[in-house]
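Got chain G sorted already, so can you dock chain D onto it with the hints?
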Amino acid sequence: MFSSELLAQTLIAGVMIGVIYALMALGITFIYSIVKMINWAMGEFYMIGSFVQYALVVYLLGPDLWWVAAPLSAATVFLLGMVIEPILIKPMFTQGIERRDDYATVVTIALLLLLRNLATALGGPYQRNPGSDLPTVMIGPLPESGARFAAFLCTLLALALFYLLLKRTWLGLALRAAAQSRIGVETAGIDILRLDQVAFGIGVALAAIAGALLAPVFFVFPTNGVVTTVKGFEIIVIGGLGSIPGALVAGILLGVVESLGTAFISSPYQNAYGFLLVLLILLIRPSGLFGERVRQA
Amino acid sequence: MAALLETAGLSKRFGGLVATNGVDVAIAAGEIRGLIGPNGAGKTTLVNLLTGLYAPDAGDIRLAGESIAGLSPHRIARKGLLRSFQVTRLFGNLSLLDNLLLPYLARGSGAVAEGLARARHFLDLTRLAPLAEAPAKSLSGGQRALLQVVCGFMVPELKCYVLDEPFAGINPVIKDRIIELILADNAERGTTFLIVSHEMTVMRRLCPKITVMIEGRVIAEGTLEEVAARRDVVEAYLGKTLA
Chain G
1 MFSSELLAQT
11 LIAGVMIGVI
21 YALMALGITF
31 IYSIVKMINW
41 AMGEFYMIGS
51 FVQYALVVYL
61 LGPDLWWVAA
71 PLSAATVFLL
81 GMVIEPILIK
91 PMFTQGIERR
101 DDYATVVTIA
111 LLLLLRNLAT
121 ALGGPYQRNP
131 GSDLPTVMIG
141 PLPESGARFA
151 AFLCTLLALA
161 LFYLLLKRTW
171 LGLALRAAAQ
181 SRIGVETAGI
191 DILRLDQVAF
201 GIGVALAAIA
211 GALLAPVFFV
221 FPTNGVVTTV
231 KGFEIIVIGG
241 LGSIPGALVA
251 GILLGVVESL
261 GTAFISSPYQ
271 NAYGFLLVLL
281 ILLIRPSGLF
291 GERVRQA
Chain D
1 MAALLETAGL
11 SKRFGGLVAT
21 NGVDVAIAAG
31 EIRGLIGPNG
41 AGKTTLVNLL
51 TGLYAPDAGD
61 IRLAGESIAG
71 LSPHRIARKG
81 LLRSFQVTRL
91 FGNLSLLDNL
101 LLPYLARGSG
111 AVAEGLARAR
121 HFLDLTRLAP
131 LAEAPAKSLS
141 GGQRALLQVV
151 CGFMVPELKC
161 YVLDEPFAGI
171 NPVIKDRIIE
181 LILADNAERG
191 TTFLIVSHEM
201 TVMRRLCPKI
211 TVMIEGRVIA
221 EGTLEEVAAR
231 RDVVEAYLGK
241 TLA
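Keeping their order, the protein sequence lines are chains G and D.
Okay, so the first sequence: first residue is 1 according to our numbering, each after it adds one.
Okay, so the second sequence: first residue is 1 according to our numbering, each after it adds one.
So here's chain G without its partners, still in its complex pose (with noise of 0.2 Å):
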């Protein structure tokens, strides 16, 4: 039962899937870090992103132009996100609530609901699948389905671009600074409730890239974001929230440990091994493997 190559294989395919999970949870990350609230809606703008895929490869562009559809359903639900912020996110600052956590739950649980009966309504319960004409992949002599290694790449490049914005561009550099502090930002001149519609964009695009990219994977349906957005929480759980590295190291050791899991000791208890390792993680770091103890002075 136990090899040498199916350990490999398993690390390899742990490491692929973990690190398209983090994308789910650098989202919700990075929209905190700076919205300063957590978006429960982050696996509906998944699924519109798995949806806005499937529409572009099937009735469009067709299978091989996957590449082309997958930035370009990011791009839709980054501009979804840029509509919907300022109508349900911005009255928060603005229309001075004081219960912004509970506002901030309220409002997005109820976004999650409309967007995901609406998908419902107007597509109806039924599994798609894009289909994917990616031959398998031979890492060295393990094999690997090609759709899942070029999801896995494309989230690389997705990352490195993200990573090049935040550090190398003035927008990066406000919103690294907004991270730090509101008020900072404010009195230097920046408007912060443009920031936070352009964080807010950013952050659900990145789920969307994730979901357009496991669409031939998880295929498509209206509740598929549900599984993803429950991973995501558990990568911020075991890496701490507010964290970017926290996102990526969790995300890549929940990959593996599900992986290890539903290869050497039972492969329909997939999900949940995430959360004996989030147990794990609450009995000994409570705050995360990155989190900070203290958060506000």
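By construction, these hints were calculated from the structure, which means they are not laboratory data.
Be aware that a few hints might be false.
Claimed, not checked - Below 25 Å or equal to it, Euclidean Cα-Cα: the simulated BS3-like pairs (lysine-lysine) are:
hint	chain 1	residue 1	chain 2	residue 2
1	G	Lys36	D	Lys137
2	D	Lys159	D	Lys175
3	G	Lys167	D	Lys79
4	D	Lys79	G	Lys90
Stated by the list, open to error - Over the 12 Å line for every Cβ pair with chain D, so calculated as not near, a few chain G residues:
hint	residue
5	Leu80
6	Met82
7	Gly124
8	Glu144
9	Leu156
10	Trp170
11	Leu171
12	Ile190
As the list claims (entries may be wrong) - A few chain D positions that, by computed beta-carbon distances, are all more than 10 Å from chain G:
hint	residue
13	Ala69
14	Arg127
15	Asp185
16	Leu224
Being a predicted model, the structure only gives us computed values, none of them experimental.
Every residue gets a Cβ at the ideal spot worked out from N, C-alpha and C, and that includes glycine.
Using the frame of chain G, we list chain D on its own:
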């Protein structure tokens, strides 16, 4: 001469507490004005009103004749009214250079290269240059205060700079450096200052005119000697009965 920064009947209340009560202040262009008063006098509330962190309940604020009351903080900053904070609001994880670049680039115009040159100039001037790439959180308390004051000078359109306790808990060497920066900027481009401080020796050196606030009101204005000679000011500082 017309006032650069002027308030009329400026009031702010928090529940039953009137933090500022009909404050009228007029600061001339190019003036370095001091603002003193015992703890709880409403000095920081006034600063927060001036810079848009609070919206006034009543009254008006005019910058160069234009009302800025109720504008958002970033709009006020872009009109050239900047501030520093009593507890420094530096971005601890950003480098010194990035901390300085931020207010420069926030104006929406200006090239990164020019901003960098300007930042390096100020880092040399303040002798923080060796730490240019270090995160701001690695600085000492005094260095942080120094850096925060310089952040405002990074803005070419700076008209009026409101400094909230820039000298609190800082060693004399850095205190002198901050004083020199203020005087130099005032001399070179005629920047107007409003400085909140408890440091009377510094205030005597910097501010020809001082405004005294007590319990949300302006009760005196004049040179430090004049206001210090007033009985109500002395009583407020030394404390009368707590009734």
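| said: Are any of the numbered hints broken by this structure? If so, which, sorted upward? | reply: 3, 10, 11 and 12
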